[in-house]
Amino acid sequence: MTIFFAILFSVSTLVLVAGLAMKIAQYARTPAPLKIPTTPAPLTTGGVALRLGREALLFESLFRGNKLLWLFAMVFHLGLAVVLIRHARYFESSVGPLVALVQPLAQPAGLAMVAGLALLLLRRLVIERVRYVTGPSDILMLVLLLAIGVTGMAMKCLIHTDIVMVKAFFTGLTALELRPLPNDPLLGLHLLLVCLLMIVFPFSKLLHAPGLFFSPTRNQTDNPREVRHLAPWAARLEEK
Amino acid sequence: MAAAPFDIPVLGDPAEHPVPALKPGAMAASKPYVAAEAHQQPLGFPGELTEGWEKRAIDHMGSLLSKYRSLRVFMDICVKCGACTDKCHYFLGTGDPKNMPVARADLFRSVYRRYFTPSGKIAPGLVGARDMTKDVLDEWFNYFHQCSQCRRCSVFCPQGIDTAEISMAARDIMDSIGQGQKYCNEIIGKVHKIGNNLGLPAPALLDTLEGLEEDILDETGVPVKLPIDEQGAEVLLVTPSADFFAEPHVLGLIGYAKVFHAAGVSWTLSTKASEAGNFGMFIGNYDQMRKISMRIREAARELGVKRIIFGECGHAWRVAYSFLNTLAGPWDFLDPRYPVPQHILEFTSDLIARKGIKLDKSGNDGMVLTVHDSCNVARGARMGDKPGGQFTIPRAVIAASVPKLVDMHPDTICDKTFCCGGGGGLLTDELIELRVKGASPRMEALKDVVDKQGVTHMAAMCAICKAQFTKVLPYYDFDREMVVSVHQLVSNAIVLGDND
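In order, the protein sequence lines correspond to chains U and A. The first sequence begins at 1 in our numbering and counts up by one. The second sequence begins at 1 in our numbering and counts up by one.
To be clear, the hints were calculated from the coordinates, so they are not data collected in a lab. Even for Gly, the Cβ is constructed at its ideal location relative to N, Cα and C. Don't take every hint at face value.
Have a look at the derived ranges for each label pair, beta carbon to beta carbon [stated by the list, open to error]:
| hint | chain 1 | residue 1 | chain 2 | residue 2 | range |
| --- | --- | --- | --- | --- | --- |
| 1 | U | Leu-14 | A | Asp-385 | 43 to 51 Å |
| 2 | U | Leu-237 | A | Asp-332 | 13 to 21 Å |
| 3 | A | Glu-430 | U | Arg-64 | 44 to 52 Å |
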């Protein structure tokens, strides 16, 4: 199990990092030939940074569009954020200040994440319009995240695993050293699902996380009369 | 009520946000006429679908993906959250689930996934990926011509996905393989051949303007001019050709002329640039949009003007405000003290603020106004120097011209405004059912203020909105003359002195 996961985690990390890097590079390289911010839009770069910040942290547009969905999405994403930060303790030799800060929130955050996911799934099945636009992959993605959350919470609250060994495994892995993982089926399942998530991330709608920052309707300044905006391929048309 | 071979949506209370139940296939048969070879070839598009079009469509999709970051990013990042599902006026009016923005975009995305993503190549069923087939193409043609590119969905999308970008790309792909839309492509042909969307030749324009000058003189006793092709004028006015053609548009044109006259600013129209509209945007074709824009640059150069001002037209203002500098700039040969281009409402509102013109509200006695924010002005452009000026400036001008102005329900105005139902190249008779149904959210909000606040008229600042409302208002038991130009109100109120 130790060797299997050592290999799987290395491969998954590689796929996640390389896949995301390729996608981000692709987004960054593709020109935006026209100014298309959804107006009213900020007039300055600082204003755009604030707009993106509000979108990423507060889900501003979603709040305007659908309050209940905003609530479910917030509960899930905030829970997930805390859970992710807390998991850093398995990778760092001494626990950092941010991790220490969120440590007391671990259990409520885990619950929030699972509850948020369950509500999002329920909503997909219950609301006719949302059910119509839901495909198998949308359900599977929620189920995958839910299974990761539930197995994680089960280890946290019900069937404890040897987290000292888990930490040793991961700190060992980052130092390219093989240390044994507890032989625990629940842990195995949890880690397997996490690896799956990491592998599908760059090929799935989870790209919405980095993608938001490349969305021209949100990341452009409203200054087309003041500054001439010209994509390289459009500039070539002028040479003709 | 006008007799119609389809049901007219029942209007509810806009505060309750009525959302229809899904009616799958309700609008499956709605489609515009396919462009004939004669409409395709002047634009450089193939005349008809020929062998191997599927591959050419996919190749063109690949090319657009590499040229447009919007398309590239929007293909990947939709999470199908459904925040957009109750935002499109065509969905609200028809109940057809493929008119929900996410479902419309997925008609395109499903093909993208099949040819451009590993998951779509490996497991098409799992991620909803489809081959490009004639059935898919037909579905594209029908439903990408049920999107008016109004961008209301983009306001509420947590990822900022703008379905207009996807519908433009789909139309460009269809044009590139010979499945164009007659209405748009025929009009673009007229712009190139004659100079404007309505195909009004120069002699007809001169005749119309002369007639208008006489009308104004008869009515006011003041010799207000409507100059055209006048060398050395300070301002080139570029306005939609509908302004030369029919009411209420033409009443707006009279208003612009009176404002220029009262302000003592010399101005001219141009036969070459006798059209503000730019249908190149509707068909998502950069080359066409650029060619149409270049006419304005040429006209400005030839006439030696110092400023360019646009008349009331929604999509034209989006192209002018957001794209003109890109497409036909730089404008370094014009007077640097003024933004290029300006909107006539910026010009008039500035004059009102500086007391450069006088308005007498009694000219519009008995009228209670509301204002329809045009989608392209509201969400794709700006006026003035502050964000949201596109909402405050028209309201300031109307408020200065009429005794009473009230707003419709807050969820239907400003950047949440509903499209009139005829934008985006859909203002054609064969789509009348779609247009009437798509107007229902706006009609609902209008009825609300008519019933509760005694509104008598609705001001619009877009030629398409004005034409669409004139046509669809009677289906909802309103008078077709309820819709007025903003500058029609200015025209009624302006005090013409002897300052010339």
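Looking back at the hints listed earlier, which ones does the structure fail to meet? 3
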